[in-house]
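Trainee: If you read the protein sequences in the order shown, they are chains A and B. Residue numbering for the first sequence follows UniProt numbering, beginning at 1 and increasing consecutively. Residue numbering for the second sequence follows UniProt numbering, beginning at 1 and increasing consecutively.
Please note: incorrect hints may appear among the correct ones.
The list makes no distinction among identical chains, and a pair is therefore deemed to hold if it is satisfied within one copy or across any two copies.
Calculated lysine to any residue pairs in the SDA-like style (CA-CA distance at most 20 Å, straight line) [stated by the list, open to error]:
1) Lys653 - Val94
2) Lys653 - Ser90
3) Lys691 - Phe479
4) Lys82 - Asp654
5) Lys51 - Phe39
6) Lys51 - Pro112
7) Lys691 - Leu465
8) Lys665 - His499
9) Lys652 - Asp463
10) Lys691 - Gly480
11) Lys653 - Asp401
12) Lys653 - Ser562
13) Lys123 - Leu84
14) Lys123 - Arg34
15) Lys123 - Trp111
16) Lys123 - Arg83
17) Lys653 - Leu84
18) Lys123 - Phe39
The set of hints was computed from the structure by calculation and includes no laboratory data. Every value quoted in this text rests on a predicted model; they were computed, and no experiment measured them.
Number of protein chains: 2
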Amino acid sequence: MATALFPRTPRLDGTDPEAKRAEILRCFHATFDRYESLFGLLADDEAYYRKPISLRHPLIFYLGHTATFFINKLVLAGLVDKRLDPRLESMFAVGVDEMSWDDLDDARYDWPPVAAVWDYRRKVRETVDRVIRATPLVLPIGWDNPFWAVLMGIEHERIHLETSSVLMRQHALRYVRPQPDWQPCRDSGPAPGNALVDIPAGQVHLGRDFDDPYYGWDNEYGRHETEVPAFRAARYLVSNAEFLAFVEAGGYADDDLWDEEGLGWRRFVRAEHPTFWVPDGGGWRLRLLAEEVPMPWDWPVETNCHEARAFCRWKARETGLPVRLPSEDEWHRLYDHAGLADVPADAPAAANLHLDHWASSCPVTRFPHGELFDVVGNVWQWCETPTYPFDGFAVHPLYDDFTTPTFDGRHNMIKGGAWISAGNEARHVSRYAFRRHFFQHAGFRYVVSAAPVAQPGSLYETDALLAQYAEFHYGDEYFGVPNFPQAVARIALDAFARHHGGPAGRALDLGCATGRASFELARRFEAVEGVDFSARFIQTGVQLQDNGVLRYTLLDEGELVSYRERRLDALGLAGVARKVAFWQGDACNLKPVFTAYDLILAANLIDRLYAPRRFLAHVHQRLNPGGLLVLASPYTWLEEHTRREEWLGGFKKDGESHTTLDGLKDLLGERFDLVEGPRDVPFVIRETRRKFQHTLSELTVWRKRG
Amino acid sequence: MATALFPRTPRLDGTDPEAKRAEILRCFHATFDRYESLFGLLADDEAYYRKPISLRHPLIFYLGHTATFFINKLVLAGLVDKRLDPRLESMFAVGVDEMSWDDLDDARYDWPPVAAVWDYRRKVRETVDRVIRATPLVLPIGWDNPFWAVLMGIEHERIHLETSSVLMRQHALRYVRPQPDWQPCRDSGPAPGNALVDIPAGQVHLGRDFDDPYYGWDNEYGRHETEVPAFRAARYLVSNAEFLAFVEAGGYADDDLWDEEGLGWRRFVRAEHPTFWVPDGGGWRLRLLAEEVPMPWDWPVETNCHEARAFCRWKARETGLPVRLPSEDEWHRLYDHAGLADVPADAPAAANLHLDHWASSCPVTRFPHGELFDVVGNVWQWCETPTYPFDGFAVHPLYDDFTTPTFDGRHNMIKGGAWISAGNEARHVSRYAFRRHFFQHAGFRYVVSAAPVAQPGSLYETDALLAQYAEFHYGDEYFGVPNFPQAVARIALDAFARHHGGPAGRALDLGCATGRASFELARRFEAVEGVDFSARFIQTGVQLQDNGVLRYTLLDEGELVSYRERRLDALGLAGVARKVAFWQGDACNLKPVFTAYDLILAANLIDRLYAPRRFLAHVHQRLNPGGLLVLASPYTWLEEHTRREEWLGGFKKDGESHTTLDGLKDLLGERFDLVEGPRDVPFVIRETRRKFQHTLSELTVWRKRG
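Next up, chain A with everything else stripped away, as it sits in the complex:
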């Protein structure tokens, strides 16, 4: 039996490269062949060209796609020097994701004959085979090892093995035919009554190190640790029978059970029951891969996330308990509580997983896992948690848009794997996510917990200006120019130490933008208030306070971006961040409450104010006697920001050049002494990988007399 097992994802380490090469070769062949065998379920050529669902390509695309993916990644990795068939490869490269209505124009595709694609696959198989045999192999295989591209191709094909099987299940019955290799489970019976199992509180430690000995997708790396409060979990996955009560109670017609997004989906598709349920007179049958069978009531129901959530709301109403889907963290508590381990290399899984048993679900009572059943396997389990990057996340250079586009709060995690999930998919560390209306071989288990589910706080900031400022405040240095808000804050703190005898009480960072200088001032000051006209900018600082992490995409070239993550702790600011309060405000019309400061910093502010004279005329009212005003500005006066009459300088006055510094002296001289500067503080703002603003800000320190 062991030899018939679908090969597990290989370990990346070892001492015998040639043995590893042979293992990878077997794994490739088995995966490539198993994928082709799936297409044996299609009844005829028409089945390749008819779309199972309108928003996705027909299966002919998916037959070619996994092969082209191999070539693309091998080209990128430098293992293949030219394309096998540029026309086919262009056609098969993209189109995996569900598209919007107007994006998938059939007329644009002139699909090749089925035989041509099979022929193409044969050539790809030979090419990959040759690459695996000929490429020097050094163990362990890390992210930058050429073999990573080979493993990526294999794991990618295993994903499509599963998603293509879903499309076949969505195909009209006349387009499919059962095959001996893809036989479903024939067991079924009455469903068990479900029950709640106590799961004690506990820690979860998620995220993998970058030298973890198994292949992973980028979003599995990094670190996430948290304490999960005690909760109760349904012993069984929700069965078709348990879900029937919801259907019969009118759950699909009860708008109160659906959130806005779910309601939108339900109305759009006019859903009245689970998608694979087939009405049959007064009863139901179930659509499997290539056949319909009498409803197996004790098999897990398959739903999308919206249906699962609506069921939980109904259940909560019925029971008065806080029923909901588990969070990703809670799923890991189930896994730990059940004492599970990943699929063994040389024995069938103790779960309906990895194609080790059937080409379908099986009764929810079949695989006990501690006090629970089906913690892994059978069908995927929807979680309440939208996918998000762990701290330390980084994209893999060969595939930088595999998970990053899903960090949008609209893709929810599925955990545990289904009967067809293999390789990485079958590992408990895997982290797949789909749009909430999407169908996979996925159902759910409900939990009872009053604890709210944490929503990922830090998605990728893609707004170009915000991302520029995030990088400006928290990112890399360019041309050797030190971080500007940090440099300015340090100068301010040094000046404060030199020119102000007293304790560092309250500081104001006016025009704080994304807040770096506010945090830096909080290293010394008791309390710092960061004020900016832009609520969007401030939100970045608030997000850092809340989550300690900031993520954004940086424009590289044209539309190409790269991904950045910055952490307050890495900047040594995690301990002081709570001392900062951010506020939206107008420096020219600041509320009276902003007063009694020992230091006011206004960096790169005054030449963007509409009334800088008014600001400077009143700023002394906000400072304690002896307090410092730190100004830094490149004096880039522009009529679009500041009317000419309001400019502080940069013009001829009484026949002589009147610089902004002259203007500052005129306006501040009555109440302030200039105690430091002027000095230049440079800064660089990155616009693209190749284009930067490089500016000199003039810094002056003024002490309020008193």
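Mind docking chain B on chain A? Use the hints.
Mentor: Just chain B now, kept in the frame of chain A:
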């Protein structure tokens, strides 16, 4: 007599600082006092407040102005630490130049009482006196010596001594009264017949070294040398009698004798005769400083430049000779031909100059200078030459807008000085210029020459973008980044030497902008063609070819600018510039004539083209076999320049990142080999004194297969 001479401008060198201090003090006192004595000509207080001419301030302003100027410059030089009277000084600071109609709003001025201004002058006199006595004096006095500010104030007041005397001459007679110190010449008689004197061809060497031992205004420094062809010059200045013939011939009514600008002036003021001529029955009287006298027909006529030019055109028509005003260079030939020297320190001038004789003109027959009369003195002499900066021009930091605003082609030179011209004004190296419709104590001498008068070719480029590019191509380096077009051209030349065996024949610089790389390529290539879409950019290169010099203003802060001059010879490019031809053209639709090149350079071009794919698809047709294509670009693709479909890269293609370099390889690979690069070449574009674009251009060298 010698003690009564109005002190000459002091030498700046010497061995006895205290003697020099005493000399400067005497000069200051004499100038300050003489200026005040001029105001003794005003009859009453109303004379101070009534404007002599509508477009200029009343004389009360000029009384205060020269005093305030001292304070302003002493403050700037750090010799005075605070203003004496900020309100008066703001009022008296600006308003010297003639203004436009809507700029001089009387209501805006609430002039102080005359006595208050006299009192202010007294305080200024004390202050300047104290500064001269107390400031350490090191000889010689150079541009950066604090005493330069003192001399500037003195020379500035001497200028206003003259211009205020013109205003008094324009005042209504009832506002003035003759004074013993300001007595006119009483000699007059019949005018001499004029005659032409042969002036042989000769060299002139104009411009002063910066260590010249006399004070000068900025536009006198630098160097201008040229060969002046032989010409003939009128022996005498044009007398009132000689000009009468023009008046009586209907010259003022004959539009053919006036150019467009002159006609505009003449019609606007309805001029029918010289401005100081007063119709008197059928005859004429002449207005002097404070009286009208019977017309002295043998005195020089006083006109503006338009009237002088009209006379010359009339004279040319009458005589059939090429009569015109002299150029500045020709005036210097007259000076050299007459063997003149500047006014002696200890004896009256041998000319009606420096107030050594009268407070008016005198007969044109009084002061012979070689074969000519009045080469200097009596009245200023209009020249055909608009003022312009000499090569090596630099502004003085204490007064950066003294001459620069007049480099506009609309201010013509006057030479030789008038009876009241003193100090620097009286020196032959002085270079004053006024608008062509302006009146001074100025007339003219005509010359006969078929040689055209060179017009200053290089005025200051003030367009911000052109000036940015001029600095980018020919200016300073910032942040240590080497000049970009030079660096790119050098890389191109090196690559050519390495990858092309043959001679460096023809090169094309596509997107040449202001042309620096074209000139740099001409160091090696036989012929270089520079092509740009912008005719304005190309004009800069053409100007450099024509004049060898380029001048522009750089934005410093707000509206404040600084002045730059760049020379082809200083860049070692004067010898090769003639090998370059500049053309306006569209890189995406280039005329067939642009072909058969050995090297094509396209620096910072492709991401600004509207059809870069078309350009690259055809560029091989323009190269000889084995020829090089050198591309450099930061790949800053923007929809505003290039439609998304035309981008060469910077997007996902077939699911993978497709960089511009990938796109270049796809488009050029068929016909070119990539022989060098990619490598980064940085560049910096200065926007203001504090704001820069800092960019990395990716450079690749492609050889056309052949």
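Trainee: Each of the hints needs a verdict: does it hold here or not?
Mentor: Hint-by-hint comparison with the structure:
Proximity of Lys653 and Val94 under a CA criterion of 20 Å is satisfied inter-copy only: 9 Å between copies versus 63 Å inside one chain copy. For the homomeric pair Lys653 and Ser90, the shortest alpha-carbon distance between copies (8 Å) is at most 20 Å, but the shortest distance inside one copy (65 Å) is not. Taking the shortest Cα distances, Lys691 and Phe479 sit within 20 Å of each other both inside one copy (12 Å) and across copies (15 Å). Within a single copy, Lys82 and Asp654 get their C-alpha atoms only as close as 71 Å, which misses the 20 Å cut-off; across copies the closest is 14 Å, which meets it.
Within a single copy, Lys51 and Phe39 get their C-alpha atoms as close as 14 Å, which meets the 20 Å cut-off; across copies the closest is 100 Å, which misses it. Taking the closest pair of Cα atoms, Lys51 and Pro112 come within 20 Å of each other only inside a single copy of the chain (15 Å); across copies the shortest separation is 92 Å, beyond that limit. Both within a single protomer and between protomers do Lys691 and Leu465 lie at most 20 Å apart by alpha-carbon distance, with minima of 14 Å and 18 Å respectively. For the homomeric pair Lys665 and His499, the shortest alpha-carbon distance inside one copy (19 Å) is at most 20 Å, but the shortest distance between copies (60 Å) is not.
For the identical chains of this complex, Lys652 and Asp463 are inter-copy neighbours only, at 19 Å across copies versus 39 Å inside a copy, given an alpha-carbon limit of 20 Å. Taking the closest pair of Cα atoms, Lys691 and Gly480 come within 20 Å of each other both inside a single copy (15 Å) and across two copies (17 Å). Taking the shortest Cα distances, Lys653 and Asp401 sit within 20 Å of each other only across copies (12 Å), while inside one copy they are farther apart (56 Å). Taking the shortest alpha-carbon separations for Lys653 and Ser562, only the inter-copy value of 16 Å comes in at or below 20 Å, while the best intra-copy value is 48 Å.
With identical chains, the CA atoms of Lys123 and Leu84 are at most 20 Å apart within one copy only, with a shortest distance of 8 Å there and 93 Å across copies. In the homo-oligomer, the alpha carbons of Lys123 and Arg34 lie at most 20 Å apart inside one protomer (17 Å), although the nearest pairing across protomers, at 103 Å, exceeds that limit. Taking identical chains as interchangeable, the C-alpha atoms of Lys123 and Trp111 lie at most 20 Å apart only when both belong to the same chain, with a minimum of 18 Å there against 95 Å between chains. For a Cα distance limit of 20 Å, the shortest separation of Lys123 from Arg83 inside one copy, 11 Å, qualifies, whereas the shortest one across copies, 89 Å, does not.
With identical chains, the CA atoms of Lys653 and Leu84 are at most 20 Å apart between copies only, with a shortest distance of 16 Å across copies and 72 Å within one. When the C-alpha separation of Lys123 and Phe39 is checked against a cutoff of 20 Å, the pair qualifies only within one copy, where the shortest distance is 18 Å, while the shortest distance between copies is 104 Å.
In terms of the numbered hints stated before, the structure departs from none.
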